[in-house]
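Student: Sequence:
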Amino acid sequence: MSIEGRIAEELGVRERQVKAAVELLDGGSTVPFIARYRKEATEMLDDAQLRTLEERLRYLRELEERRTAILESVREQGKLDEALEARILAAETKARLEDIYLPFKPKRRTKAQIAREAGLEPLAEGLLADPGVEPLAAAAAFVDADRGVADPAAALEGARAILTERFSEDADLIGELRERMWVRGRLAAKVREGKEEAGAKFADYFDFAEPFTELPSHRVLAMLRGEKEEVLDLVLEPEEPAEEPGAASSYEAIVASRFGIANRGRPADKWLADTVRWAWRTRILVHLGLDLRLRLRTAAEDEAVRVFAANLRDLLLAAPAGTRATLGLDPGFRTGVKVAVVDATGKVVATDTIYPHVPQNRWDESLAKLARLAKEHAVELIAIGNGTASRETDKLADELCAKHPELKLTKVMVSEAGASVYSASAFASQELPGLDVSLRGAVSIARRLQDPLAELVKIDPKSIGVGQYQHDLSELKLSRSLDAVVEDCVNGVGVDVNTASAPLLARVSGIGSGLAENIVAHRDANGPFRSRKALKEVQRLGPKAYEQCAGFLRIRDGEDPLDASSVHPEAYPVVRTMVKSAGTDVKSLIGNTAVLRSLSPKEFVNDSFGLPTVTDILRELEKPGRDPRPAFKTATFKEGVEKISDLSPGMVLEGVVTNVAAFGAFVDVGVHQDGLVHVSAMSRTFVKDPRDVVKPGDIVKVKVLDVDIPRKRISLTLRLEDEAVPAGAGAPAGGRRERQDRAGGDRRGRAPQQRGGGRGGAARSAAPAPANSAMADALRKAGLLDPKRR
Numbered sequence: 005m006s007i008e009g010r011i012a013e014e015l016g017v018r019e020r021q022v023k024a025a026v027e028l029l030d031g032g033s034t035v036p037f038i039a040r041y042r043k044e045a046t047e048m049l050d051d052a053q054l055r056t057l058e059e060r061l062r063y064l065r066e067l068e069e070r071r072t073a074i075l076e077s078v079r080e081q082g083k084l085d086e087a088l089e090a091r092i093l094a095a096e097t098k099a100r101l102e103d104i105y106l107p108f109k110p111k112r113r114t115k116a117q118i119a120r121e122a123g124l125e126p127l128a129e130g131l132l133a134d135p136g137v138e139p140l141a142a143a144a145a146f147v148d149a150d151r152g153v154a155d156p157a158a159a160l161e162g163a164r165a166i167l168t169e170r171f172s173e174d175a176d177l178i179g180e181l182r183e184r185m186w187v188r189g190r191l192a193a194k195v196r197e198g199k200e201e202a203g204a205k206f207a208d209y210f211d212f213a214e215p216f217t218e219l220p221s222h223r224v225l226a227m228l229r230g231e232k233e234e235v236l237d238l239v240l241e242p243e244e245p246a247e248e249p250g251a252a253s254s255y256e257a258i259v260a261s262r263f264g265i266a267n268r269g270r271p272a273d274k275w276l277a278d279t280v281r282w283a284w285r286t287r288i289l290v291h292l293g294l295d296l297r298l299r300l301r302t303a304a305e306d307e308a309v310r311v312f313a314a315n316l317r318d319l320l321l322a323a324p325a326g327t328r329a330t331l332g333l334d335p336g337f338r339t340g341v342k343v344a345v346v347d348a349t350g351k352v353v354a355t356d357t358i359y360p361h362v363p364q365n366r367w368d369e370s371l372a373k374l375a376r377l378a379k380e381h382a383v384e385l386i387a388i389g390n391g392t393a394s395r396e397t398d399k400l401a402d403e404l405c406a407k408h409p410e411l412k413l414t415k416v417m418v419s420e421a422g423a424s425v426y427s428a429s430a431f432a433s434q435e436l437p438g439l440d441v442s443l444r445g446a447v448s449i450a451r452r453l454q455d456p457l458a459e460l461v462k463i464d465p466k467s468i469g470v471g472q473y474q475h476d477l478s479e480l481k482l483s484r485s486l487d488a489v490v491e492d493c494v495n496g497v498g499v500d501v502n503t504a505s506a507p508l509l510a511r512v513s514g515i516g517s518g519l520a521e522n523i524v525a526h527r528d529a530n531g532p533f534r535s536r537k538a539l540k541e542v543q544r545l546g547p548k549a550y551e552q553c554a555g556f557l558r559i560r561d562g563e564d565p566l567d568a569s570s571v572h573p574e575a576y577p578v579v580r581t582m583v584k585s586a587g588t589d590v591k592s593l594i595g596n597t598a599v600l601r602s603l604s605p606k607e608f609v610n611d612s613f614g615l616p617t618v619t620d621i622l623r624e625l626e627k628p629g630r631d632p633r634p635a636f637k638t639a640t641f642k643e644g645v646e647k648i649s650d651l652s653p654g655m656v657l658e659g660v661v662t663n664v665a666a667f668g669a670f671v672d673v674g675v676h677q678d679g680l681v682h683v684s685a686m687s688r689t690f691v692k693d694p695r696d697v698v699k700p701g702d703i704v705k706v707k708v709l710d711v712d713i714p715r716k717r718i719s720l721t722l723r724l725e726d727e728a729v730p731a732g733a734g735a736p737a738g739g740r741r742e743r744q745d746r747a748g749g750d751r752r753g754r755a756p757q758q759r760g761g762g763r764g765g766a767a768r769s770a771a772p773a774p775a776n777s778a779m780a781d782a783l784r785k786a787g788l789l790d791p792k793r794r
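Take this note's numbering: the final residue in the sequence shown is number 794, and no numbers are missing along the way.
If you're looking for bench data, these hints aren't it; they were derived computationally from the structure.
Yeah, the Cβ is synthetic: ideal placement off N, Cα and C, and Gly gets one too.
Heads up, some of the hints might be wrong.
Ranges of calculated distance between the beta carbons of each label pair, as one might list FRET restraints [what the hints assert, rightly or not]: (1) D150 x R287: 23 to 31 Å; (2) E643 x K351: 31 to 39 Å; (3) P363 x R299: 26 to 34 Å; (4) G32 x I713: 53 to 61 Å; (5) K351 x R299: 48 to 56 Å; (6) E197 x S478: 30 to 38 Å; (7) P547 x V524: 19 to 27 Å; (8) R580 x A529: 28 to 36 Å; (9) G152 x R268: 27 to 35 Å; (10) R268 x G123: 25 to 33 Å; (11) E13 x V524: 41 to 49 Å; (12) I258 x K115: 21 to 29 Å.
Work the whole structure out from these sequences, hints included.
Tutor: Structure (structure tokens):
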């Protein structure tokens, strides 16, 4: 089957759709461009399908490259026959391909090779073929001191090495054993001696075992981190430990059966059985352990990357506050609160530093400065970074709003993740050359409230902090996935070419960092672009780049009203035909719902533009340049709830979802620590993926279930009818599973010892397990405790 045919089968689409998409991708088209403007060619493949297609195409092409290299290698060895070639050509995965190649893979001289060179292969073959032969007697004939075979025992050792290699390099056998071990095996963890105190954060894995197929990604990554930090020893057990120590495993029986080895009382049966056991324990199990460890890590990484990418998408597509003058506050104690005012376009118009908190305590002076800045620059919004001193600064903003109602200010808590990375970046130096590094963070905080997407694209996606165990993931895999998310989000929203920064332009289809810099340079030298056609005058922006980017770039109030829409310039003739049919002009047609809905899409279909594209054009003309992001709204934190000690079980609060992991969601309720809504406390029905219920940025109502002040842990529930845990009982949703889920890292994927103070540094683990069985039973009935708890 061809690569295109295989992908079509996997996606459940026609092969011709895949072939069209592959041809476009190979021709330099991007996924956003194909999804938006080549619907007829791919017969409506969407961006998600195209991303999967792109990934599978990459994998299968790498597989084919490896297959070609293996065929060439085996052919050069003179060992390629028709049967082997057929097996290599039929291999559908990289793992299967490597299994087949293993016996032919060039390797250092092994014991088996040395034994063959000593002439011991006939002995190994003879004992396997005829177990009725007495091993020592048969081996005596092969003693040859000149060839390194000193005695019969040495001859048998060499024969065993030959058979061990044969058993461990049988591709079909290894494949069968690998799948059996995946289904029946489990990952076990033990604490290293003397590491109990230093590795307390991994306490739930000190004596732990769980089947491979039941391990969620975050638990795998937590245990791997515990091993990396030399706290845990991990063992991949092929099955539940046998009741009798030393008993033969079912895997040994499969190996023996494969080669016709059985205990029938013949002289060589025991020697052959011991050889099988030796091969299993020293070669096959080790090989499978490495394979399955890689499989576990890969699956865990894939899921973690998926979660990170999904959270990043939600953050980038969060509701923008829009073109409103904003005052950004980057909180701090000793170093003060950094202040930056940006106008409606994001331009910095004022900066300052105030010291309202300890040790200076210049509260009134700070209020006066903020009031003056807000009045002078007609500020509408206050953006407060959610790091250290954020709640105290939020209280300052509260008082400012209360004392100056005439200013009509609205305050919003904003994630400052990555703001420090931006502040010290080369782009920040270029964008804000005259501004101190410490003040750039306040500018970023203000701008990301105005337009999260436009500001966050300036930061490496990995630094935005919405993943789990991100520092343990494959750099290439994570970067590739996150870059795809950013590209899809930027192109889905569209970009104003006359106001966009170079990093934002660089994410537009067909435009890289070099072209983005050229566009900005042309804009600076010649003034705003008046039409999309003018983009062709940009240095190095050729026909292909123009084709890819033009539809995603917007020009407001330009020479052609269509340039402010997502209608691609290549489709302008279709719009002209519509205008002629409607008896009006372009400007009058845009936004005229009654006239547009009176037009029949089929009338405008031609050889170049099919019904899907024409329908898209009509929809776009109704609401040109529409923003797919939700409307802006803010959460209201409860008055008097400013620190964790103000919380008590049973409180119902409004909060903002800050991050979603596979085990639940973190919610900011206005204190210094985010609380955790465990997946078991999200709904009365089973929740497979927490993102099906909430997304980062969502405003939700939660009830406090339990508060552990000494350890700064808050358990929340979205099920407001749930009963809170009585003070002191301590039973967060999810029981031990929740503690396991949280162990080893926080919502930003950092190791616990990396956590700092403030909101971003909240400890991420649950309170103790239920104090008594009655409490545990009550929680299980309420659905708040995992019934499988160990």
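Student: Now look at each hint and say whether the structure bears it out.
Tutor: Going down the list of hints, with the structure as the test:
Between D150 and R287 the beta carbon distance is about 29 Å. The supplied range of 23 to 31 Å therefore holds. Hint check: E643 to K351, Cβ distance near 35 Å, so the stated range 31 to 39 Å holds. In this structure, P363 and R299 break the distance hint of 26 to 34 Å, their C-beta atoms being roughly 54 Å apart. In this structure the supplied range 53 to 61 Å holds for G32 paired with I713, their Cβ-Cβ distance being about 58 Å.
At about 52 Å, the beta-carbon gap between K351 and R299 stays in the expected band of 48 to 56 Å. The given range of 30 to 38 Å is respected by E197 and S478, whose C-beta atoms sit roughly 32 Å from each other. Checked against the given bound of 19 to 27 Å, the beta carbons of P547 and V524, roughly 21 Å apart, stay inside it. Checked against the given bound of 28 to 36 Å, the beta carbons of R580 and A529, roughly 32 Å apart, stay inside it.
In this structure, G152 and R268 meet the distance hint of 27 to 35 Å, their C-beta atoms being roughly 33 Å apart. Look at R268 against G123: about 29 Å separates their beta carbons, and that is inside 25 to 33 Å. Between E13 and V524 the C-beta distance comes to about 45 Å, which sits within the given range of 41 to 49 Å. In this structure the supplied range 21 to 29 Å holds for I258 paired with K115, their Cβ-Cβ distance being about 24 Å.
When held up to the earlier numbered hints, the structure conflicts with hint 3 and nothing else.
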